[in-house]
Amino acid sequence: MSNIFETFSYYLSFPFVRYALIVGVLISLCASLLGVTLVLKRYSFIGDGLSHTAFGALAIASVLGLTNNTLLVLPITILCAILLLKTSQNKKIKGDALIAIISVSALALGYLLLNVFSVSSNISGDVCSTLFGSMSILTLSSGDVWLSIGLSLFVILFFILFYNKIFAVTFDENFAQASGTRVELYNVFIATIIAVVIVVAMNLVGSLLVSALIIFPALSAMRVFKSFKAVTICSAVFAVVSSLLGMIVSILAGTPVGATIIMVDIFGFMVFCVLGLALRRKAK
Amino acid sequence: MAQIKCQNISIGYDKKPVVKDLTFSVNAGDYLCVVGENGAGKSTLIKTILGLIPTVEGKIEFGDELTKKDIGYLPQQTVVQKDFPATVLEVVLSGFQNRMGWRPFYTKKEKLEAQENMCELKIDNLSKKCYRELSGGQQQRVLLARALCGTQKVLLLDEPVSGLDPLATKEMYNLIKNLNNDGITIIMISHDISSAMKYASHILFVNQTPFFGTKQEFKNSELGHKYTHFVGGCTNE
Numbered sequence: 001m002s003n004i005f006e007t008f009s010y011y012l013s014f015p016f017v018r019y020a021l022i023v024g025v026l027i028s029l030c031a032s033l034l035g036v037t038l039v040l041k042r043y044s045f046i047g048d049g050l051s052h053t054a055f056g057a058l059a060i061a062s063v064l065g066l067t068n069n070t071l072l073v074l075p076i077t078i079l080c081a082i083l084l085l086k087t088s089q090n091k092k093i094k095g096d097a098l099i100a101i102i103s104v105s106a107l108a109l110g111y112l113l114l115n116v117f118s119v120s121s122n123i124s125g126d127v128c129s130t131l132f133g134s135m136s137i138l139t140l141s142s143g144d145v146w147l148s149i150g151l152s153l154f155v156i157l158f159f160i161l162f163y164n165k166i167f168a169v170t171f172d173e174n175f176a177q178a179s180g181t182r183v184e185l186y187n188v189f190i191a192t193i194i195a196v197v198i199v200v201a202m203n204l205v206g207s208l209l210v211s212a213l214i215i216f217p218a219l220s221a222m223r224v225f226k227s228f229k230a231v232t233i234c235s236a237v238f239a240v241v242s243s244l245l246g247m248i249v250s251i252l253a254g255t256p257v258g259a260t261i262i263m264v265d266i267f268g269f270m271v272f273c274v275l276g277l278a279l280r281r282k283a284k
Numbered sequence: 001m002a003q004i005k006c007q008n009i010s011i012g013y014d015k016k017p018v019v020k021d022l023t024f025s026v027n028a029g030d031y032l033c034v035v036g037e038n039g040a041g042k043s044t045l046i047k048t049i050l051g052l053i054p055t056v057e058g059k060i061e062f063g064d065e066l067t068k069k070d071i072g073y074l075p076q077q078t079v080v081q082k083d084f085p086a087t088v089l090e091v092v093l094s095g096f097q098n099r100m101g102w103r104p105f106y107t108k109k110e111k112l113e114a115q116e117n118m119c120e121l122k123i124d125n126l127s128k129k130c131y132r133e134l135s136g137g138q139q140q141r142v143l144l145a146r147a148l149c150g151t152q153k154v155l156l157l158d159e160p161v162s163g164l165d166p167l168a169t170k171e172m173y174n175l176i177k178n179l180n181n182d183g184i185t186i187i188m189i190s191h192d193i194s195s196a197m198k199y200a201s202h203i204l205f206v207n208q209t210p211f212f213g214t215k216q217e218f219k220n221s222e223l224g225h226k227y228t229h230f231v232g233g234c235t236n237e
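Chains as they are written, first to last, in this note's numbering: chain A, 1 to 284; chain B, 1 to 237.
Worth double-checking, as some hints may not be accurate.
What the hints assert, rightly or not - Sample of chain B residues lacking proximity to chain A, with all beta carbon distances greater than 12 Å (derived):
1) N8
2) V18
3) S25
4) L167
5) N207
As the list claims (entries may be wrong) - In silico lysine-lysine, BS3-like type, Cα no more than 30 Å apart, as pairs:
6) B:K129 / A:K229
7) B:K177 / A:K41
8) A:K282 / B:K69
9) B:K153 / A:K165
10) B:K15 / A:K41
11) B:K82 / A:K282
12) B:K111 / A:K41
13) B:K128 / A:K284
14) A:K226 / B:K109
15) A:K86 / B:K111
16) B:K82 / B:K47
17) A:K86 / B:K16
18) B:K5 / A:K41
19) B:K68 / A:K41
20) B:K15 / A:K86
21) B:K108 / A:K165
22) A:K229 / B:K128
23) B:K108 / A:K86
No lab work stands behind these hints: they were computed from the structure.
Cβ coordinates follow ideal geometry from the N, Cα and C atoms, glycine included.
Modelling step: build the complete structure from the supplied sequences, incorporating the hints.
This is the structure in structure tokens:
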């Protein structure tokens with residue numbers, strides 16, 4: 001046991017490990033906050049669709065040989081997020097079908113582009129790390145770290161200041177709109193933030209796994225807690241603990257970061273399910 | 001001056017009118033029941049009054065110091081709400097959104113007011129309870145309390161008793177009548193013509209040729225004869 005601690009503190013002595021831990025925790029915190037509204041509004045799949053879009057955009061960016069991929073990936077993802085949220089309110093085109101269309105198209109296009117205009121010798125390795133996360137979180141510069149911290153603080157501040165508005169819009173869009181809240185504006189705002197979080201989080205867990213960071217904390221918290229406030233706080237804590245635990249395990253055991261975090265998420269979800277069942281039985 | 005007045009307006013979606021030539025007015029303290037068959041345009045009318053969709057033709061005029069913001073709204077329940085983790089108090093408080101502006105949090109006064117509204121609707125003992133675990137009647141009362149937080153002038157109720165059992169339905173109607181007696185204008189959409197005839201002061205019948213008038217006028221009209229006869233027994237109320 002003491003051996004593990006020694007190894008861990010040895011790793012912690014490297015600044016890039018500390019950076020990775022900080023950024024990882026912050027990203028999952030943001031994702032979990034947004035997850036509460038997304039899950040409740042039945043938009044869980046949007047996270048999934050967007051991460052695929054981000055993959056396609058990333059492929060285009062690397063084919064074009066851009067030095068900073070984010071400059072292209074972020075706008076495209078934000079655009080798609082707004083498009084998806086808008087159309088899911090449109091009764092003529094079903095939102096879920098559109099998400100399916102967009103996500104497979106982006107995946108196929110991305111992979112095709114990477115193959116046809118290959119810029120590196122190890123295509124499958126590149127694709128794999130984009131899809132399932134890579135150790136790129138360990139190569140973050142201090143600039144990246146500050147950017148992530150700034151972005152996360154912005155998301156958290158937004159969530160606190162607009163907490164009551166977000167509740168109103170999530171619980172009853174019609175009522176909120178009827179009482180003068182600019183629902184459309186909030187939806188666009190939320191969509192933009194989701195896109196930002198997804199693009200940042202792709203570094204951590206990869207595009208295929210990113211929606212896990214969004215849905216698991218909220219779903220787990222909803223098993224046990226009954227008020228919106230408690231669910232929000234619990235999912236934030238859940239996200240912080242599980243991502244921290246996942247990253248520590250992956251560092252010590254040498255397992256892939258993204259997959260390990262999500263395994264911890266799944267385990268936590270099951271614990272909360274059992275806890276929820278037990279509480280309900282006790283209440284009866 | 002009427003609180004809400006419409007003169008020959010057409011309402012509908014995407015500039016296609018569902019109902020044409022609609023004329024009616026609502027005065028303070030009225031109890032207007034909007035009746036009509038499914039798809040006749042009742043919900044369209046509600047949405048138009050709330051300003052969620054524009055009128056196809058004509059304009060809805062607000063008077064008597066009433067603005068669109070002063071209308072409390074009780075929408076139909078949505079799928080989202082069925083398993084929504086929220087306490088009764090959280091839901092009721094969200095009714096204050098219309099006067100929040102950019103202010104992020106609720107004031108002490110608003111919290112007190114929410115408590116009073118819950119007392120009035122006899123749900124103050126439920127304030128810490130989870131919304132999704134309440135019975136249908138209790139849920140409707142919570143949403144009514146939320147609507148009350150938004151206004152003390154006009155309540156717009158979209159089928160407030162749909163899906164309730166007979167006892168809860170009766171309680172709901174009585175609560176609404178009490179609010180009306182306190183001076184709040186009620187506009188209610190309903191399927192149930194017999195209850196409309198019992199509680200309302202005015203009837204708006206929405207279909208191809210809309211009818212508007214007092215309860216008595218409706219009773220005496222050809223349309224009223226057809227429907228009250230069809231429902232049976234309610235005319236002797």
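Practice prompt. Check each numbered hint from earlier against the structure, then list the numbers of those it violates in ascending order.
Written response: 7, 8, 15, 18, 23
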